[in-house]
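Required output: the full structure, derived from the provided sequences and hints.
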Amino acid sequence: MILSSVIIVLGEVLELTILASLFLALSFRFRYNRHWIVYAVASGGLLAVLYAFSFDTVSQWLGGFGQEVINASIQIGIYFCLLLFNTFTYIAHHHRMTIKHLPWVMALAISLAVTREGSEIYLYLSGFTSSVQQVTPVITGSVLGAGIGLSLGVLIYYLFVYLSPRKSLYIGYTLLLFVAAGMVLQAVRLLIQIDWLPAQEIAWNTSNWVDESSAIGRLLFTLVGYEATPTPIEILFYIAAIFSILLVTGISHNYVSKKNRKLNAT
Amino acid sequence: MLTKQTLIFTLFAIQISAMSTKAAFAATPEFVIEIKNHLFYPAEVIVPANQKVKLIIYNRDPTTEEFESYELNREKIILGNRKGIIFIGPLEPGEYPFFGEFHPETALGKIIARQE
Chain A
1 MILSSVIIVL GEVLELTILA SLFLALSFRF RYNRHWIVYA VASGGLLAVL
51 YAFSFDTVSQ WLGGFGQEVI NASIQIGIYF CLLLFNTFTY IAHHHRMTIK
101 HLPWVMALAI SLAVTREGSE IYLYLSGFTS SVQQVTPVIT GSVLGAGIGL
151 SLGVLIYYLF VYLSPRKSLY IGYTLLLFVA AGMVLQAVRL LIQIDWLPAQ
201 EIAWNTSNWV DESSAIGRLL FTLVGYEATP TPIEILFYIA AIFSILLVTG
251 ISHNYVSKKN RKLNAT
Chain B
1 MLTKQTLIFT LFAIQISAMS TKAAFAATPE FVIEIKNHLF YPAEVIVPAN
51 QKVKLIIYNR DPTTEEFESY ELNREKIILG NRKGIIFIGP LEPGEYPFFG
101 EFHPETALGK IIARQE
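Residue numbers (our numbering), protein chains in the order written: chain A, 1 to 266; chain B, 1 to 116.
It is possible that some hints are incorrect.
Unchecked claim - Here's a subset of chain B near chain A, in silico, CB distances under 7 Å, partners left out:
#, residue
1, Ile56
2, Tyr58
3, Thr63
4, Thr64
5, Asn73
6, Arg74
7, Ile85
8, Pro90
Since the hints were derived computationally from the structure, they do not count as laboratory data.
In this text, all values refer to a predicted model and were calculated from it rather than measured experimentally.
Note that beta-carbon positions come from the ideal geometry of N, C-alpha and C, so glycine has one too.
Here you go:
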C-alpha cells in the first residue's frame with residue numbers, strides 16, 4: 001500500500017520537479033528573479049483543486065472525452081511554453097540580452113504542469129478519505145514519494161548550476177527539446193485514445209531494448225515521453241515537435257542578428 | 001470545357017473518399033469491463049487482433065480508479081459510479097496487461113488480442 005502510493009506520487013511529482021529544477025537553474029544562471037516559482041505553484045495548486053472538484057462535470061464534456069481534451073490541451077500549452085523558453089534562452093545567451101518575458105513563460109509552464117499533476121494526486125488521495133485504515137499508509141507513501149521527487153529535483157538543480165553557462169544552456173536546451181516533444185506525444189496519445197486522431201498499427205517495438213514497465217523505461221517515459229510501441233503518427237508529431245522548436249529558434253536568432261547588424265551599422 | 005472536367009473530377013473524388021470513409025466506419029467492436037471492489041471483471045478480455053476496439057469501463061466502486069496500461073499506452077481516470085470509454089488497437093496478436101493505478105495490488109487484467 002505504501003509502496004504503490006510512493007510510486008504514484010513520485011511519478012506525478014517527478015514530471016514537475018524536472019521542469020522546475022531546469023527552469024530554476026537556468027534562472028539562476030541568467031540572473032532572473034526566482035519569485036515566479038511561488039506564483040506558478042500557487043496558481044497551479046489552485047487550478048488543480050478546481051479541476052479535481054469539477055472533474056465529474058468536465059470529464060463528461062465532449063461525449064465523455066473532456067478529460068483527454070483538457071489534459072492534451074495542457075500538454076500542448078506546456079509544449080508552447082517550452083518552445084518559447086528554448087527560443088528565448090538561446091537568443092538571450094547568444095545576443096547577451098535579457099528577455100523580461102522569460103519568467104512568465106516558465107511560470108505558465110509550471111502552473112500548467114502543477115494543474116495537471118496536482119489534480120491527479122488530489123483525485124488519487126480523495127479516494128482514500130473514506131477508509132480510515134488506509135489513510136495513514138497512503139499519506140506516508142505520498143509524502144515519501146513527493147520527498148523523493150523533490151530530492152531528485154534539487155539534485156538536477158545543483159547539477160545544472162554547477163555547469164558552465166554555455167554547457168548548461170546547450171544541455172538544458174537539448175534536454176527540454178525532448179521533454180517538449182514528450183509533452184506533444186502525451187497529447188497525441190490521449191487524442192488517439194478518444195479516436196480524435198487515427199488508430200494505427202505500431203511502427204516498431206523496442207521493448208527488448210528498454211521495456212516501458214522497467215525503472216529506466218518509466219523514467220524515460222516521464223522525462224521525454226519514451227514509448228516502446230509508437231504508431232507512425234506519434235513518431236511524426238514527435239519529430240515535428242522537435243523540428244518546430246529548432247525552426248523557431250533559428251528564425252528568431254536570424255531576426256535578432258539582422259536587427260543588431262542594422263543597429264550597429266547606423 | 002475545363003470547368004466541366006473539374007466538376008466531374010471533383011464529384012468522382014468525393015465519391016471515392018465517401019466510399020473509403022464508409023469502409024472505415026464498419027462497426028468498431030465494443031467490450032465492457034467492470035470495476036468492482038478494486039477488481040476487473042472480466043480480468044481477461046479477448047478482442048479481435050489488427051482492429052480498432054472500443055472499451056467501455058464501468059467503475060462500480062464508489063472510489064475513483066485510473067485505468068492504465070503501459071503496453072496499450074492508455075490511461076484514464078474514471079470516477080466512482082461513472083463510466084469511461086477508451087479506444088485501443090489495432091493490436092498485433094498477443095497479451096496486453098492493464099491495471100488500476102490507484103489500486104495496483106488487486107486491479108489487474110489483460111487484453112488478449114486474437115486473430116479471427
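We went through each hint and held it up to the structure:
For Ile56(B), the shortest C-beta to C-beta distance to chain A is roughly 10 Å, which exceeds 7 Å, and the interface hint is violated. With a cut of 7 Å, the hint placing Tyr58(B) at the interface with chain A is violated, because the nearest CB-to-CB distance is about 12 Å. The beta carbon of Thr63(B) is positioned within 7 Å of a beta carbon in chain A (closest approach about 4 Å), and the interface hint is therefore held. Contact between Thr64(B) and chain A, as hinted, is supported at the beta carbon level, the nearest pair being about 5 Å apart and thus within 7 Å.
This hint holds: Asn73(B) has a C-beta 5 Å from the nearest C-beta of chain A, less than the 7 Å allowed. A hinted interface residue such as Arg74(B) counts as satisfied when its beta carbon comes closer than 7 Å to some beta carbon of chain A; here the least separation is about 5 Å, so the hint holds. At its closest, the beta carbon of Ile85(B) sits 6 Å from a beta carbon of chain A; the interface hint therefore holds under the 7 Å criterion. Interface hint status for Pro90(B): upheld, as the beta-carbon distance to the closest one in chain A is roughly 5 Å, under 7 Å.
Of the hints listed earlier, those the structure fails to meet are numbers 1 and 2, in rising order.
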